[in-house]
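These protein sequence lines map, in sequence, to chains E and L.
Add 941 to the 1-based position in the first sequence for our numbering, that's all there is to it.
Add 39 to the 1-based position in the second sequence for our numbering, that's all there is to it.
To be clear, the hints were calculated from the coordinates, so they are not data collected in a lab.
Don't take every hint at face value.
Once the Cα atoms are required to be at most 20 Å apart in a straight line, the calculated EDC-like pairs of lysine to aspartate or glutamate come out as [said to hold, decoys possible]:
#1 E:K1259 x L:D191
#2 L:K162 x L:D191
#3 L:K118 x L:D69
#4 L:K257 x L:D69
#5 L:K132 x L:D48
#6 L:K132 x E:D1140
#7 L:K118 x L:E43
#8 L:K112 x L:E71
#9 L:K132 x E:E1141
#10 L:K162 x L:D172
#11 L:K273 x L:D48
#12 L:K273 x L:D234
#13 L:K118 x E:E1063
#14 L:K112 x E:E1100
#15 L:K257 x L:E277
#16 L:K118 x E:D1140
#17 L:K162 x L:E192
#18 L:K112 x E:D1140
#19 E:K1259 x L:E277
#20 L:K112 x L:D48
#21 L:K132 x E:D1139
Just a few of them, taken from the derived set where beta-carbon distance is under 10 Å, the chain E residues facing chain L [as the list claims (entries may be wrong)]:
#22 S1079
#23 Y1083
#24 G1084
Predicted model only: the values in this text are computed from it and were never measured.
All C-beta atoms, glycine included, are put in the ideal place defined by N, C-alpha and C.
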Amino acid sequence: MTPRTTRRLLTAAGLAAFFTLPLVVTDRYFLHILVMTGIFAILTSSWNLLTGYAGQLNLGHAAFYGIGAYTSAILATRLGINPWAGLLAGGLLAAAAGFLLGIPSLRLSGPYLAITTIGFAEILRLVAMNWVDLTRGSLGLYGIPPLTPIPITSNVSIEFTSERNFLYVLLIVLLLTVWAIRRMIRSGFGVTLKALRDDEVGAESIGVDTARFKLTVFTISAFFAGVAGALFAHYQRLISPDTLSLGETFAILTMTMLGGLGTLTGPILGAVILTFFSEWLRFVEDMVKLDVRMVIYGLLLIVTIRFMREGVVGLLVKLPWWPKTLGKGGSDGR
Amino acid sequence: MADEILRTDGLTKYFGGLCAVGDVSFALSDGEIVGLIGPNGAGKTTLVNLMSGAFPPSSGTIHYNGRSVGGFKAHRLNKMGIARTFQVVRIFKTLTVLENIQASLIDRRRYGPWRLALTSLYKRAYSLDADADARQEAERLLDFVGLTDYRDELAENLPYAYTKRLEIARALATRPRLLLLDEPSAGLNPRELDDQIGIIRRINGQGVAILIIEHVMKVIMSISHRLIVLHYGKKIAEGAPEAVYRDPRVVEAYLGGDAHVAH
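Looking at chain L on its own, in the form it has when it is part of the complex (with noise of 0.2 Å):
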């Protein structure tokens, strides 16, 4: 397949004796939207952990751009292009908004610990006060996702539904090729779930291919280029959406083995 950016074979994850992910195959094209779904404890979050780097996988492969990556430490896969956000938001909590943004854009393949700290000495590396080019992309990060009022509260006063925002605004300002969405519309009332699809369409507009967890039937059906089924750790069903909707093994994971398919 041409343009292909992440693949998986037969990737698989045990916690204890329970298989989490078990030999899972799916991969990802460049720009598409796929649309990650499963009743609960099906391990969507699991396999987006592997993706991201939060843990190794037991067994199976992952390539991201042609080069095998299980293993590898989530901060060395989000500098090579592969972002996140979390189903149970994890900003920075002590810090503004615009910090939030700040932390992110710092060029991390470039800037270490100890360059960071020793420029800070003679110049004012990635100062939102004296770097007027990050200034420039922290607020267009902010003005993308609406938080451009709010950039001096700090993120912990900010309402639950704008945290989501800004983790995705964060996630954004590293400069992701892959952006993994853990649930982006939980807990978000009717409009501010039209806000947000109009910000996922936004960025995947900018060529970013995008892996999104999601239950709000409206959301996924609306984006998703290409649906995957997760049940019990195993892949069911994968497709167009229309056609995974009417799955007869989809609908019967989701109400249980007697039901039938409504036409």
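If we strip away everything but chain E, and leave its shape as in the complex, we get (with noise of 0.2 Å):
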């Protein structure tokens, strides 16, 4: 067998694999968390894509997944808009927003990009908690309706109540995501975002326009945000300001990391790991009775950071077994 042969097989059954999950699993719980790891694996790969491609320090990615559920939440709430197109509109107003962001990256790089990109995220959740007329503050916005059903025949259609409907339709999404992403890594694009990151004044001396160059990944990077946020609010039902909070961007950062920055697979690879690590926890929570989620994350990454710089992900390509055909030059297709 051809490696392209061996891939090509690994993929198909790891897409069947993919799809026929939710049909073996039937606990609710179990699908509850399997619901969690898409909504996160969505959000890793799009803040992977502006920060581990890209190299713009993002903490504020939070922020875009809560205005993609603030929107499609707020819109279906007040104006009745179906809670599809509502996905669409928190895309693409996480996408205004992701450019606006993006704006000030023109300038700052590093640190200093960074403590913006909080600062941004904050301001929204304080607007969230505070603006009570429009989001009902702290209490959160509940009564979110639920995708519309599909109509099938004229008396049958798929409802998407049930966490094992919601699953499949989030399968998809991700699926588009990853696949989008892919697509544009491995084009000029991905090499141009990749030799931005490496050294912007050598690639602006190639011709790169810089500038719109951020402005676009940005954008781009908080559309799938944006998504995910509104894809969790027609889910959950229920969104809170929450959702908008440093923690959360925390632990996109820490799965990214923990399954490897700026490759493929690894921010998909971190989300399974630590959605499921942390619903564990949950258990170790309730006995110890303590809150130590965020002092294990915060250890998890100095670990990853010290001693596995490229993740799982990076530790992976080092078997024999691995399909090396996912590494060319540098681990998985870096």
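Two chains, two frames, a set of hints: combine them into the complex.
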């Protein structure tokens, strides 16, 4: 078997497993964890595009997530807009916010940009907390409708109130997100982003309009995060300003770093590992009666940065049986 | 003058109160090699930075192809045909050697970020796996600078001399009419130096005008058609290499006030 066939078979097997999982799993709690994993995988993949590939340190990703969630929720509850349209609206408004947050990135980089992005998300969180007329403040928005059923025949339709059916929608969106990001990364666009990350002055010297590229990648990354937020709103049907919190961004960051920053599979792997791990931590927290999650996230981050800079994916590519075609010139087609 | 491609008039750049380049006027013709020399701190790199759009001039003008381009951004000047290399190399170190070239081959006049991103969704735009033309051109450029054996190596793993060549290949991939080389021979051993001279001559042979900053006299004297000398930000001499080399003002600038010209 050529490496290419091996890879195709692996992809096919992976996709088959991906789509049969919701059928095999019957436990609703487990399905819920899978949904949260999927939402986080969209968030980590989109954050990774901006921070891992384009090198723009964004610590306000939760803002895009929150904007998507609130946009779709408010449109549905106040104006009765169809949640499916809300997904798109949430993504687009988040993209507009991404464009705006991209503007300071034209002059700032590294820690300065990071602080600006934290500030951006904090301002939005405070707006969500205090604009009670629109958002109901810290009580949160409730009564958000689920995704509208899709009619098949006159009396049969697909409902999205069950975790399983929702999971299918989510898997499709996740697949589209990862596919789009993968296509972009493997094209001249991705090479340009990486060039920009490695050396901005060098990139300018070969004709890269770095300002426009940064705005573009901020916008694209925010769009996907916004869609994830809107999906979450119609799944949970209750959202609070917590969706915009720094803790949310920190979870996205830890997952991506753990899985492998600047790789395609790393962010997804990190989302899977940490979503399940943090559910397990709930039991531990109940036992020790302490909120230890953030402490453990912090420790994981330190260990990852110190001992496995390229994350779990970086370790996997060192395994002899791992398909090497995934790692051409660096781990996982970096 | 016929076929003049670049002209500066009274070009001046201040950093705070320091005059890095002061009232420098000169012209470059199509296809010529001009050496830019001067002691350390003379303002050579600042001049190249001005010509390549790293920052705008404080005063004075730059005309490229008859068009005033002072204050144009670097990416815009590159799209107009001015490419450059850097004194301290600025290659893309986490990319492979081939990908470094790939990044430069993209036709950025036609493909802005949105078009590039959206095109990638239905077509493998400028993906070397799928785009045979781009791949062939990249291979040709690597062969030209002798880096074919290293094409899948990460750029950060290249020996120093090769990173200099990679930067030249990367600049050439943007199809320049004018190439600005900032100390392309610094830190090279004698053999590498000869290779570098050969590469620069061949680039010029393809009709590319070259402005080269260089301290290595062997290089500058053997390839320059003309020399320009900067001292404390001012142009103190210009002309044929042999004449400039003997110019008392130049000798004085390099060796100090009391030095005599040895004949």
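Structure-based check of all given hints:
A distance of roughly 18 Å separates the Cα atoms of K1259 of chain E and D191 of chain L; the hinted pair therefore holds under the 20 Å criterion. As the CA atoms of K162 of chain L and D191 of chain L are separated by approximately 24 Å, the hinted pair breaks the 20 Å bound. Only pairs whose Cα atoms come within 20 Å are accepted, and K118 of chain L paired with D69 of chain L is accepted, the gap being roughly 17 Å. The straight-line distance between the Cα atoms of K257 of chain L and D69 of chain L is roughly 24 Å, outside the 20 Å bound, and the hint therefore fails.
A distance of roughly 37 Å separates the Cα atoms of K132 of chain L and D48 of chain L; the hinted pair therefore is violated under the 20 Å criterion. Taken as a hint, the K132 of chain L and D1140 of chain E pair is honoured in the structure, with Cα atoms around 8 Å apart against an allowance of 20 Å. Distance check on the hinted pair: K118 of chain L and E43 of chain L sit about 19 Å apart at the alpha-carbon level, within 20 Å; holds. The hinted pair formed by K112 of chain L and E71 of chain L fails the criterion: a straight-line CA distance of about 25 Å is larger than 20 Å.
Distance restraint check for K132 of chain L and E1141 of chain E: the Cα-Cα separation of roughly 12 Å lies within the 20 Å cut-off, and the hinted pair is therefore satisfied. For a cut-off of 20 Å, the pair hint linking K162 of chain L to D172 of chain L stands: about 14 Å separates their Cα positions. Among the hinted pairs, K273 of chain L with D48 of chain L is consistent with the structure: their alpha-carbon atoms are about 13 Å apart, no more than 20 Å. In summary, the hint linking K273 of chain L to D234 of chain L is not supported, as the alpha carbons are separated by about 32 Å, beyond the 20 Å threshold.
Proposed proximity of K118 of chain L and E1063 of chain E is contradicted: the alpha carbons are some 40 Å apart, above 20 Å. Simply put, K112 of chain L and E1100 of chain E have alpha-carbon atoms about 54 Å apart, too far for the 20 Å limit, and the pair is violated. Taking the CA atoms of K257 of chain L and E277 of chain L, the gap is about 18 Å. The hint holds against a cut of 20 Å. Proximity of K118 of chain L to D1140 of chain E is assessed by CA-CA distance (about 18 Å); at most 20 Å being required, the pair is judged to hold.
Straight-line distance between C-alpha atoms of K162 of chain L and E192 of chain L comes to about 26 Å, which puts the hinted pair past the 20 Å bound. Of the supplied pair hints, the one linking K112 of chain L and D1140 of chain E holds, its CA atoms being roughly 16 Å apart against a limit of 20 Å. Among the hinted pairs, K1259 of chain E with E277 of chain L is inconsistent with the structure: their alpha-carbon atoms are about 58 Å apart, more than 20 Å. Note on K112 of chain L and D48 of chain L: the hinted pairing holds, with a Cα-Cα distance of about 19 Å set against a maximum of 20 Å.
Restraint check: the Cα-Cα separation between K132 of chain L and D1139 of chain E comes to about 6 Å, which is no more than 20 Å; the hinted pair holds. Given hint, S1079 of chain E at the interface with chain L, is violated; its Cβ is 38 Å from that chain's nearest Cβ, farther than 10 Å. With its C-beta approaching chain L no nearer than about 37 Å, Y1083 of chain E sits outside the 10 Å limit, and its interface hint is violated. Interface restraint check for G1084 of chain E: the shortest CB-CB distance to chain L comes to about 37 Å, outside 10 Å, so the restraint is violated.
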